[in-house]
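Here the protein sequences come in this chain order: A and B. For the first sequence, the working numbering begins at 1 and goes up steadily by one. For the second sequence, the working numbering begins at 1 and goes up steadily by one.
Treat the hints as calculated values from the structure; they're not laboratory data. Small disclaimer: the values here were computed from a predicted structure and weren't measured. One thing to keep in mind: the hints can contain errors.
No copy is singled out in the list; a pair is fine if it fits within one copy or between any two copies.
[As the list claims (entries may be wrong)] Mimicking DSS-like on lysine-lysine, the simulated pairs with C-alpha atoms at most 25 Å apart in a straight line are:
1) Lys244 with Lys320
2) Lys148 with Lys195
3) Lys375 with Lys256
4) Lys311 with Lys375
5) Lys378 with Lys277
6) Lys375 with Lys277
7) Lys244 with Lys150
8) Lys195 with Lys130
9) Lys244 with Lys195
10) Lys277 with Lys244
11) Lys311 with Lys244
12) Lys320 with Lys375
13) Lys311 with Lys277
14) Lys320 with Lys378
2 protein chains.
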Amino acid sequence: MFRTLLAVTIAGALAVTSTASYAESVATERHQVEITSLTNSLANPWGMAFLPSGDLLVTEKGGQLRRVSLDGAVSQPLAGVPEVVARSQGGLLDVAIDPNFSSNNWVYLSYSEADPDGGEGNSTAVARGKLGNNGLTQVEVIFRGAPKYKSGAHFGSRLVFAPDGHLFITLGDRYSAMADAQTLDNHHGKVVRIKPDGSVPSDNPFVDQANALPEIWSYGHRNVQGAAFHPETGELWTAEHGPKGGDEINIPQPGKNYGWPEATYGVDYDGSIISDKTHVAGTEQPHYYWVPSIAVSNMIFYTGDQFPAWKNDLLVAALKGSQVARLDLHGNRVMHEETLFEDAIEQRIRDIEQGPDGYIYLLTDDRNGQLIQIKPAK
Amino acid sequence: MFRTLLAVTIAGALAVTSTASYAESVATERHQVEITSLTNSLANPWGMAFLPSGDLLVTEKGGQLRRVSLDGAVSQPLAGVPEVVARSQGGLLDVAIDPNFSSNNWVYLSYSEADPDGGEGNSTAVARGKLGNNGLTQVEVIFRGAPKYKSGAHFGSRLVFAPDGHLFITLGDRYSAMADAQTLDNHHGKVVRIKPDGSVPSDNPFVDQANALPEIWSYGHRNVQGAAFHPETGELWTAEHGPKGGDEINIPQPGKNYGWPEATYGVDYDGSIISDKTHVAGTEQPHYYWVPSIAVSNMIFYTGDQFPAWKNDLLVAALKGSQVARLDLHGNRVMHEETLFEDAIEQRIRDIEQGPDGYIYLLTDDRNGQLIQIKPAK
Ligand SMILES: [Ca+2]
Ligand SMILES: [Ca+2]
Numbered sequence: 001m002f003r004t005l006l007a008v009t010i011a012g013a014l015a016v017t018s019t020a021s022y023a024e025s026v027a028t029e030r031h032q033v034e035i036t037s038l039t040n041s042l043a044n045p046w047g048m049a050f051l052p053s054g055d056l057l058v059t060e061k062g063g064q065l066r067r068v069s070l071d072g073a074v075s076q077p078l079a080g081v082p083e084v085v086a087r088s089q090g091g092l093l094d095v096a097i098d099p100n101f102s103s104n105n106w107v108y109l110s111y112s113e114a115d116p117d118g119g120e121g122n123s124t125a126v127a128r129g130k131l132g133n134n135g136l137t138q139v140e141v142i143f144r145g146a147p148k149y150k151s152g153a154h155f156g157s158r159l160v161f162a163p164d165g166h167l168f169i170t171l172g173d174r175y176s177a178m179a180d181a182q183t184l185d186n187h188h189g190k191v192v193r194i195k196p197d198g199s200v201p202s203d204n205p206f207v208d209q210a211n212a213l214p215e216i217w218s219y220g221h222r223n224v225q226g227a228a229f230h231p232e233t234g235e236l237w238t239a240e241h242g243p244k245g246g247d248e249i250n251i252p253q254p255g256k257n258y259g260w261p262e263a264t265y266g267v268d269y270d271g272s273i274i275s276d277k278t279h280v281a282g283t284e285q286p287h288y289y290w291v292p293s294i295a296v297s298n299m300i301f302y303t304g305d306q307f308p309a310w311k312n313d314l315l316v317a318a319l320k321g322s323q324v325a326r327l328d329l330h331g332n333r334v335m336h337e338e339t340l341f342e343d344a345i346e347q348r349i350r351d352i353e354q355g356p357d358g359y360i361y362l363l364t365d366d367r368n369g370q371l372i373q374i375k376p377a378k
Numbered sequence: 001m002f003r004t005l006l007a008v009t010i011a012g013a014l015a016v017t018s019t020a021s022y023a024e025s026v027a028t029e030r031h032q033v034e035i036t037s038l039t040n041s042l043a044n045p046w047g048m049a050f051l052p053s054g055d056l057l058v059t060e061k062g063g064q065l066r067r068v069s070l071d072g073a074v075s076q077p078l079a080g081v082p083e084v085v086a087r088s089q090g091g092l093l094d095v096a097i098d099p100n101f102s103s104n105n106w107v108y109l110s111y112s113e114a115d116p117d118g119g120e121g122n123s124t125a126v127a128r129g130k131l132g133n134n135g136l137t138q139v140e141v142i143f144r145g146a147p148k149y150k151s152g153a154h155f156g157s158r159l160v161f162a163p164d165g166h167l168f169i170t171l172g173d174r175y176s177a178m179a180d181a182q183t184l185d186n187h188h189g190k191v192v193r194i195k196p197d198g199s200v201p202s203d204n205p206f207v208d209q210a211n212a213l214p215e216i217w218s219y220g221h222r223n224v225q226g227a228a229f230h231p232e233t234g235e236l237w238t239a240e241h242g243p244k245g246g247d248e249i250n251i252p253q254p255g256k257n258y259g260w261p262e263a264t265y266g267v268d269y270d271g272s273i274i275s276d277k278t279h280v281a282g283t284e285q286p287h288y289y290w291v292p293s294i295a296v297s298n299m300i301f302y303t304g305d306q307f308p309a310w311k312n313d314l315l316v317a318a319l320k321g322s323q324v325a326r327l328d329l330h331g332n333r334v335m336h337e338e339t340l341f342e343d344a345i346e347q348r349i350r351d352i353e354q355g356p357d358g359y360i361y362l363l364t365d366d367r368n369g370q371l372i373q374i375k376p377a378k
């Protein structure tokens, strides 16, 4: 495990700095890896995105967007971030950069937004702004989850761009509104697909259906916080939290129903069974699931050259057990699951990304949240 | 865990009997089950098969074939069993009954057979005989693995009848002869398909290939001791031991190469890597694999009505951890793995079968080997 206190003490003896860096070499089935904490001065970071410069944009749940460099330097909060409802699971959530960022500078943020009309509800919204030296300008809201609902839970919020340029937003069922996941007149428990300017693609599955919101791509989800595109098929894969057991990987197809809360492999947190049905007609089975829950956060398909045995594998970060589940894939088929890093990382893992260097980067959910770099051991 | 000593003591107080029976109720993800040891007086049992009467035929590795009833009664050894080389992993191994047993009484046995010409080698052979009141008569050898080879290890030996009536025999690489698994002039590391009388089906994949043994169905296996037919597709599935890690489930297709020892996810018992290659052109990836090894023995597709949530799931028994791995399948896809019974059973599990009653039966590999019955808890 990370010898956090010792490492901080040593770093403190060398210099008063926020870039306490320490490394540990860890064995896995196929690769010996080195795990380095690049900084521990992020306050509950939630999402990150690499800029073409090699720096990262990192969100903190409280509402700050910061620029972080791989030497551990963390910037002051950037200006222009929308106001967020930073309470319970809500706050400033994911960040993504436009596929054409180099020419247009658009940055996208998901967050819990208060009711603009002054009601008590809130919902997941997505805004974008142009990144300059001082922060975001020309900020505009491109998506606003409906309805506004009074809950502090299950905002979903992962932002991913498809290879064809569409923006997918993964959403949650807002917990007490779980039944809404089965109806199409709201965004609860949905995966949504829009254009980067917020307009609705004409080939979305429900654009011509009455009483259905046209942004919806798939439904019957619980709380989807992981999303990535398969490097060979180009298909969207998602990870969602189950109630207690029943965390799921899905490959959401347009218009399909992924079952929640009618069908699930989990039970509720108080131990009562939400549904004793794992199979319900008209709903899709998960591609893969966990019982008990590992509390899946984000995930990536690893496509770099630094870890050849992990090529095209799905790496699923988890809050519980501070682990990354490696699903060894052959095509879409899960051949094997390996639990990575659980003895080396002590904090909940909130986000995972692959760097332009082919290394793997993790954010941990803690008041002294870390940016962690995984590279091959020398 | 089984309170073996206590249970035996209580049973002993009631009666001097070999049918010490004790039960334990165990929770699993979807079913509460009751685990009952029906007898503990089997000496290293290896294989079992249900007779139409509801009794079982059970092999003991030392060379005895016994009739066992579900009240725990164990017969004297039946006559007519071929002489076996009972040494190391060799001995009397699997038993199967003919699909038309009710009309023809054929029983099939696999075993390690000495060289009939007096050489030092041995190999896996299969004989059949007609079961009568006193044992087997009209015994004939229908398969004789080639070559005879001096080794005490990796005999394979599971016997399963395909839905179309062909007999599949799973074989091992004899450990020190592992390279033979890649050549077709021998039976080492092969799955073999014959007719019940030992003749070769004309549609076997290598019947017309020079220097290839015509019984071969698939090759590149290490030590295959589990086999079952998928209840919906009718395809053969197999389980094989990896060297140390890399236990595999495969769906052997005719004429295909499953990679051993060129490609493997395991390392040798001394810690050296057999091959650092997991992917080799011209070889098939496993359908599913385990690292570290659980030491897979036999497996079944559960098709009964007693455990509805396990319907059509693959239940893989394992020597290590005294567990049954439940692979929750959707079609051929593994969606989830659950480890069953590991805290309730202390002995290595050597065989698993489904009874005509829909219960699940296990044999444990021990001098005081048990027949264990798994049924729903009341
Ligand atoms: Ca689902
Ligand atoms: Ca193989």
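Worksheet item: Against the structure shown, which of the earlier numbered hints fail to hold, in ascending order?
Response: 3, 9, 14
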